[in-house]
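Assemble the whole structure, with the sequences as input and the hints as a guide.
Listed in order, the protein sequences are those of chains A and B.
Just so you know, we're using the numbering used here here: the first sequence kicks off at 1 and counts up by one.
Just so you know, we're using the numbering used here here: the second sequence kicks off at 1 and counts up by one.
It should be emphasised that the hints constitute simulated quantities derived from the structure, not laboratory data.
Just so it is clear, the structure is predicted and the values come from calculations on it, not from any experiment.
Yeah, the Cβ is synthetic: ideal placement off N, Cα and C, and Gly gets one too.
One or more hints might be untrue.
[To be verified] Partial list, derived from the structure: chain B residues whose beta carbon lies under 8 Å from chain A:
hint: 1; residue: Lys58
hint: 2; residue: Ser81
hint: 3; residue: Thr219
hint: 4; residue: Leu220
hint: 5; residue: Arg226
hint: 6; residue: Arg236
hint: 7; residue: Leu237
hint: 8; residue: Met238
hint: 9; residue: Gly239
hint: 10; residue: Ile240
hint: 11; residue: Arg241
[To be verified] So the derived label-pair ranges between C-beta atoms look like this:
hint: 12; chain 1: A; residue 1: Gln63; chain 2: B; residue 2: Pro329; range: 56 to 64 Å
hint: 13; chain 1: B; residue 1: Glu87; chain 2: A; residue 2: Arg21; range: 25 to 33 Å
hint: 14; chain 1: B; residue 1: Asp217; chain 2: A; residue 2: Arg109; range: 35 to 43 Å
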Amino acid sequence: MSPMFAMTDVTVCYDHVEAVRNVSLSVEEGQIVTVIGPNGAGKTTLLMAAIGLLASRGRISFQGSEIGRMSVENRVERRLCLVPEKRELFSDMTVADNLLLGSYSLRDRSGVRQALDEVYDRFPRLRERQRQTAGTLSGGERQMLALGRALMAKPKLLMLDEPSLGLAPLIVREIFRTIASLRDLGVSILLVEQNARAALETADYGYVLETGEIVQSGPAKDLIHDPRLITAYLGGH
Amino acid sequence: MTSDIAAILAIDGIATGAVYALVAIGTVLIFTVTRVIFIPFGDIAAFTALTLAALDAKRFPGTGTLVLVLACLATLVEIISLLRTNEPRLVPRALLLYLALPCAIVGAAWIVTRMDPPLAVRLVLALMLITPIAPLLDRIVFRPIADGTVLLLLTVSVALHFALVGLGLLFFGPEGVRTEPLTSLSTEIAGILISGQTMLIVIAALVFSGLLYLFFDFTLVGKSLRATAVNRTGSRLMGIRPARAGTIAYLLGSLMAGVSGILIAPVNTVFYDSGFLIGLKAFVGAIVGGLTSYPGAAIGAVGVGILESFASFESSALKDVIVFSLLIPILIWRSLSSLHSEEEIEE
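Spelled out as structure tokens, the structure:
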């Protein structure tokens, strides 16, 4: 059976410079897959190409269809969602409105109220702040809102770009706990992270991206004990 | 100047300002959603007045032909673009939205014109005929360059205004029109006579601004428009299509401009090229709100109206000079006081 999401020989160029070169990766149903690597390796570029914000060469398939030429909006309607590194919240709008807009792509509006309650149950802090504008939230709350907003679209594959970036360790743990719990809901996850240890501890499978190319891949539990990766990314212990 | 005269001038100014406010709000709406400074809004207002005048005179308005021509062009552009992106399955939908719908409106207008309809029907018809113009122009002209710079979009917008003035002359002729007043009532408040038309203008401006506010705050589509204005990338990631948001913004903006055209037609004589000054004055008002704030634009537009009213009392010949000179201190004040938004920095 073909994987639920696969990128095959994907190349992304910025003004003739190849930021990502011939990358192939796949995510199976219900799996958490992580892409780790240093700053500037092309991780964000890879996700931007996957959602369609950047044009790419190569093939991108999702649930059996080729989506590489589709618009961002069409991919979102197929329930492929991205929480970008910059979060891209609607800062002048309330937390509740941000969440509601997360469900914009759903044709069936009957479950929206329930989905909103589920997000509030998952992140009680958002319920407390539902009337506040997104711009007034703290960094951790903003990330919760970005995650919650993506969950409102009932994603089949959720792509997360550096969800722990700039957050306090306590909140990072909470975010990763949430990510792990999403797998139990049947959401597949493609996680891009600089915090390699936390990412590999949460993921099932991992890829290492360096200067735009995949240099290593394997089950996350193997990668976490790989001597080369330990020296390069896992703090040397 | 006595206080009586000042009061009359102020009331007159508020009424004129309310008309500008509707156009200014439309300008802000379009700019925030699409980044286009839509100069032809004034023309849309003037064309509405001319359309209504034609309907009053039991003539089929030139607007109908204009809409038909634009609908054919827009359909052609849309179909070519769909075939290019390999989406032929969307062609029937394009035919329905860009061709059948505008044709149906024009057809209905043509039939109703022959039946000597009452004023209310003529008003609705004039608005229905005018609202497709801006969305169709958007499809033909702006969507292919939607990712261009604000300056490019503005340049094209100015060119479009001149094209529309030419088309206005072609379709409506050089004569000015003044429609019959919508009401002949008048009332006296604190010793000053206020005409029903003046009150109607202010009430209509308040009602339509209020409706727009409700639309933005209480409907998902309204919120999606605000989201597009706040953060384009973020809204695309929610599945909100900027092009669709743009079309809705143009429809609403044209409606606001159309209403202002209907309100101004019984008060001022409107020519095919009267739109430019209406649009430009509304633009000055919108600039007060930094082109992003609706209350700012409305307050600015009313301010422009009042200033114009007093200026025309002092020196009728120089009133426009005085109003537009106001732009300079406002632009200086805005560029000194406002911080650039996140999105502008990114660009």
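Hints, verified against the model:
1. A least Cβ separation of about 46 Å between Lys58/B and chain A goes past the 8 Å threshold, and the interface hint is therefore violated.
2. The beta carbon of Ser81/B comes no nearer than 12 Å to any beta carbon in chain A, farther than 8 Å, and the hint placing it at the interface is violated.
3. With 8 Å as the threshold, the beta carbon of Thr219/B stays out of range of chain A, its nearest partner Cβ sitting at about 11 Å, so the hint is violated.
4. This hint holds: Leu220/B has a C-beta 7 Å from the nearest C-beta of chain A, less than the 8 Å allowed.
5. A hinted interface residue such as Arg226/B counts as satisfied when its beta carbon comes closer than 8 Å to some beta carbon of chain A; here the least separation is about 6 Å, so the hint holds.
6. At its closest, the beta carbon of Arg236/B sits 5 Å from a beta carbon of chain A; the interface hint therefore holds under the 8 Å criterion.
7. At its closest, the beta carbon of Leu237/B sits 6 Å from a beta carbon of chain A; the interface hint therefore holds under the 8 Å criterion.
8. Satisfaction of the interface hint for Met238/B is found here, the shortest Cβ-Cβ separation to chain A being roughly 5 Å, below the 8 Å cut-off.
9. Interface restraint check: Gly239/B against chain A, minimum CB-CB distance 3 Å, threshold 8 Å, status holds.
10. Hint status for Ile240/B relative to chain A: holds, with the closest Cβ pair at about 6 Å, below 8 Å.
11. A least Cβ separation of about 5 Å between Arg241/B and chain A falls short of the 8 Å threshold, and the interface hint therefore holds.
12. Range check, Gln63/A to Pro329/B: about 59 Å between beta-carbon atoms, so the 56 to 64 Å window is met.
13. The hinted range of 25 to 33 Å is satisfied by Glu87/B and Arg21/A, whose Cβ atoms lie roughly 30 Å apart.
14. The hinted window of 35 to 43 Å between Asp217/B and Arg109/A is violated, with their beta carbons roughly 18 Å apart.
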